[in-house]
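Residues per chain, in single letters:
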Amino acid sequence: MESTIIKSRNFNASFGSNHVVKNVNIDIPRNHVVAVMGPSGCGKTTYLRCINRMHELIPGATCRGMMTINEEDIYTMHPIFVRLKIGMVFQRPNPFPNLSIYDNVIAGYKLNGIKLARAEKDRIVEHSLTRVALWNEVKDSLMKKGAFLSGGQQQRLCIARAVAMEPEVLLFDEPTSALDPISTSTVEDLFHELKANYTLIIVTHNMQQAARVSDKTAFFYMGELVEYELTKDIFTNPRDSRTQNYITGRFS
Amino acid sequence: MNMETSIPASVIPSPVVRDGAGLRKRVRRTFRQIRGEGAFRSLLLIAGGLLVVLVLGILLTLITQSLPSIRLLGLKFIWGSTWNPVRNVYGAWPFLLGTLLTSFLALLISIPFSVAIAIFLGEYYPSSWFAGALKNAVELIAAVPSVIYGFWGLAVLVPMVRQLEARFGMEQPLGVGIFSASLILSIMIIPYAASLGRSMIQMVPGHLKEAAYGLGATHWEVIRHVVIPYTRSGLFAGILLSLGRALGETMAVTMVIGNTSILPKSIFSPGNTMASVIANEFTEADKTVYLSALIELGLALFLVTVIINIAGKKIIDRVTNE
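These protein sequence lines are chains A and B, in that order. All the letters of the first sequence, read from the start, carry residue numbers 317 to 568 under our numbering. All the letters of the second sequence, read from the start, carry residue numbers 7 to 328 under our numbering.
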């Protein structure tokens with residue numbers, strides 16, 4: 317039986333009086349890819365940002381309910397430790413523009429004040445860049461600024477930066493919406509590779525992407541979790557009429 | 007009854023004729039706009055050109071007016087450490103030193119405060135009531151006339167410094183001097199670095215800060231590793247602006263610096279800056295060479311400011327390109 321890594325029960329999130337995530341119950345299985353899809357404003361990104369407590373950085377943002385990782389309550393842990401266990405990749409590639417490719421990969425260690433020996437750093441950089449299939453493309457220009465890479469390479473660099481911290485879970489917030497089709501497919505291929513070592517939660521508004529990359533899919537609508545099933549079931553045989561309407565393109 | 011026939015034909019506007027006239031009118035207006043465009047551009051050019059002419063004119067006046075002094079003294083004017091108008095000896099070194107000492111000391115004192123205020127307002131609490139009050143207070147510091155700082159310095163700061171000097175066992179605790187002038191200056195220049203720094207810090211893209219938070223950075227670590235590196239050149243530019251202000255400040259400094267023409271022995275000695283000498287002695291300058299020496303002092307101050315500004319811009323360029 318597959319084990320659950322992230323679990324939420326009756327989870328709610330708000331911006332001030334605007335209730336954007338309503339009573340979400342979800343179990344994320346370890347070493348799987350879970351897609352979270354739904355129309356704009358359905359609360360999918362907010363829910364994702366609640367998992368590693370990025371939501372609370374916005375003034376006026378609140379949440380309530382239970383969210384655990386490995387049965388441990390995320391909201392009683394220190395947010396710093398939560399974010400070390402649960403890495404995040406954002407919509408827009410955001411490598412640090414003043415740092416080289418090399419320093420971008422180990423930025424997490426530098427930010428947290430962890431001193432590493434040179435050999436250890438080299439190992440982490442090579443390992444992380446290899447994981448995201450970027451090593452061969454950049455191994456001769458590691459000391460160049462990350463901002464010189466193409467959009468797709470920058471996004472893979474950001475994934476490497478998250479992977480370098482050896483998290484258990486990786487959150488992706490519409491990771492390919494700023495990328496061209498070829499870069500998108502490179503990143504999507506990565507998801508299959510990364511699944512062996514991490515649990516991936518991917519927010520996307522692209523249904524085809526959800527169908528291509530995920531094992532399970534959650535459909536959010538107006539802040540509610542409407543349906544959460546194996547991806548092949550949700551796309552072939554949705555139980556809820558709202559899911560049916562969404563995947564047949566009757567609203568977007 | 008048929009309404010259409012009851013309206014006289016002259017009342018009904020003829021669309022063809024009116025449109026034709028309207029179009030002509032509109033075209034004429036467009037020509038006027040094009041002519042206006044040219045006039046506007048020349049206006050901008052004149053305004054800009056006038057400023058360049060003005061700066062060059064000031065420089066030229068300073069040079070021609072200081073010619074008598076330059077002819078008499080040459081380079082001794084800069085290195086000479088005696089300033090004695092009675093014997094017609096003019097050495098500006100004590101004042102040059104006084105200007106640089108007070109300005110850099112003031113900068114040193116004010117940097118921690120201005121950077122702290124910039125970070126506090128730009129990143130920590132950009133929108134609390136206290137931040138609003140602080141922001142207004144900082145702006146007010148820049149708005150207070152410098153003579154009022156001078157008064158406050160004489161009434162409050164100088165006695166405090168005098169007590170400090172007495173406690174340190176100095177022989178002549180005067181209170182007035184380089185140190186008091188630096189303290190006053192450091193307060194006066196805070197707003198320049200603080201407000202420029204604040205606006206630069208607020209411009210740091212949110213997605214970069216989120217990237218750092220997402221990697222488990224604390225608020226302080228985000229400031230240390232993302233916000234400050236990103237705004238380095240802006241913070242430096244603000245500090246430079248402060249320095250420029252400190253170099254030229256006259257009134258407040260004149261009132262608390264002690265006004266002696268002797269080379270300062272320590273930062274507690276009384277002294278003079280180039281600006282304070284000019285302000286103090288301009289009305290007493292009864293000889294051509296004396297007046298000319300004071301103007302040369304102004305020229306020197308002008309050049310010091312220009313050199314420091316150019317050097318600062320070079321440093322900003324290097325920091326930005328790193």
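Hints may contain errors.
With a straight-line cut-off of 30 Å between C-alpha atoms, the simulated DSSO-like cross-links for lysine-lysine are [said to hold, decoys possible]: (1) A:K323 to A:K338; (2) A:K461 to B:K320; (3) A:K455 to A:K426; (4) A:K323 to A:K511; (5) A:K460 to B:K319; (6) B:K215 to A:K401; (7) B:K319 to A:K323.
I should point out that these hints are in silico values taken from the structure, not numbers from a laboratory. All figures in this text were calculated on a predicted structure; none of them were measured in a lab.
Each hint, compared with the structure:
Proposed proximity of K323 of chain A and K338 of chain A is supported: the alpha carbons are some 15 Å apart, at most 30 Å. With a CA separation close to 22 Å, the supplied pair K461 of chain A and K320 of chain B stays within the 30 Å bound. For the given pair, K455 of chain A sits about 21 Å from K426 of chain A by alpha-carbon distance, which is consistent with the 30 Å threshold. Taking the CA atoms of K323 of chain A and K511 of chain A, the gap is near 18 Å; set against the 30 Å cutoff, the hint holds.
The straight-line distance between the Cα atoms of K460 of chain A and K319 of chain B is roughly 25 Å, inside the 30 Å bound, and the hint therefore holds. Distance hint between K215 of chain B and K401 of chain A is fulfilled; the C-alpha atoms sit about 19 Å from each other, no more than 30 Å. Restraint check: the Cα-Cα separation between K319 of chain B and K323 of chain A comes to about 55 Å, which exceeds 30 Å; the hinted pair is violated.
Hint compliance for this structure: hint 7 alone is broken.
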